[in-house]
Amino acid sequence: MKFSLTLILSCLIIFISSCSMSQRRDFVEPDINLKIKTTNKNKEIIIQSLLKDGDIFSISFGDEDSYVLANNILNSDLKYFCKSLIEEEREVLEKNIFKSKKDVNKKVIVVFSENYENIASFLKNKYPEEEYFMIMPENFDTQIKEILNVDLSIENYNDLSKFDTSLKISHSPRIRDDIGSIYYITDYDVGKTIVPIFRSYALNMDTFSSSEIFHDANDIKKLVDFENTYIPITKKMIENISKKQDPLIKSEIENSLIRDFLIIEKVFQNNLFKENLLPISGNKKIKRSGCMDRNLNLWKVSTADFTY
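Residue numbers (mature numbering (1 follows the signal peptide of the UniProt record, and there is no 0)): -22 to -1, 1 to 286.
The reader is advised that the hints may include incorrect statements.
Claimed, not checked - Pairs of lysine-lysine residues, derived as DSBU-like cross-links and limited to a Cα-Cα distance of at most 30 angstroms, are as follows:
no.	residue 1	residue 2
1	214	278
2	80	57
3	79	57
4	265	221
5	278	73
6	73	61
7	228	200
8	104	278
It should be emphasised that the hints constitute simulated quantities derived from the structure, not laboratory data.
Can you make the complete structure from the sequences, with help from the hints?
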């Protein structure tokens, strides 16, 4: 039977932590003490992060009064943060797309897949004047043409051509002129297909999405499908993704969130607030009082930013 190094380390650390080491006078005070209940996957990430940093640490995964680190890190309120990462991303998008519209006379087009219908319904109740389209997993080009009224432009061109078949008329399909921006609420499977199609018809349109749209991509080069789309994410997070070792971008984001938890825990336990450290997932310095918000900015996807 094979045992992973991480499993052996976990068992060893749990054993050491449960011993009465505090009675020894020569015991070196650890940089960080942790009591956590979480999944095996998260335990491995925690151990690997602590070992990588070279910290002296004490950790227990079995105490009843432990902090519970949820498996769904992206959608859970991590300790010290006011809200989950995804919730903060959506709030930043809502503010920039709906509350701070560049042109109040133009509409926001919200394009969502079926598994995000609840999010779209929430927005529709708040902003009923905008337009909402559920994209079905078939005939994407046909659906997108209908949303943008591209078919009408083509029909007008065909009608004009019938008057004189000898005329050679240059035609680029036009989209409706009442659209101010497009908000994609989809996963990677749908997003990687529809975003390039929308962009082919609406090249200069402002488009937005949460980072969920590329979570299941396995290579940062795949973000070329989302070129020029605005995503609420930090520069440091993008740098981590570009150097990632995990098979999925989502995994690297989860790793970064756990790293944030460990960094902030170390700051609190060692009174390192004067170091003015920033979390990986946010743009605000770690503070002593109150919960933290990440103060996310919008990043315009540009594959030119990456070093491969």
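Quick rundown of the hints versus the structure:
Between the alpha carbons of residue 214 and residue 278 the distance comes to roughly 14 angstroms, so the proposed pair stays at or under 30 angstroms and holds. Between residue 80 and residue 57 the CA atoms are separated by roughly 36 angstroms; this puts the pair beyond 30 angstroms, and the hint is violated. Taken as a hint, the residue 79 and residue 57 pair is broken in the structure, with Cα atoms around 33 angstroms apart against an allowance of 30 angstroms. The suggested pairing of residue 265 with residue 221 holds, with an alpha-carbon distance near 28 angstroms, which does not exceed 30 angstroms.
The suggested pairing of residue 278 with residue 73 holds, with an alpha-carbon distance near 16 angstroms, which does not exceed 30 angstroms. As the CA atoms of residue 73 and residue 61 are separated by approximately 16 angstroms, the hinted pair is consistent with the 30 angstroms bound. For the hint pairing residue 228 with residue 200, the CA-to-CA distance comes to about 13 angstroms; that is within 30 angstroms, so the pair holds. The suggested pairing of residue 104 with residue 278 holds, with an alpha-carbon distance near 26 angstroms, which does not exceed 30 angstroms.
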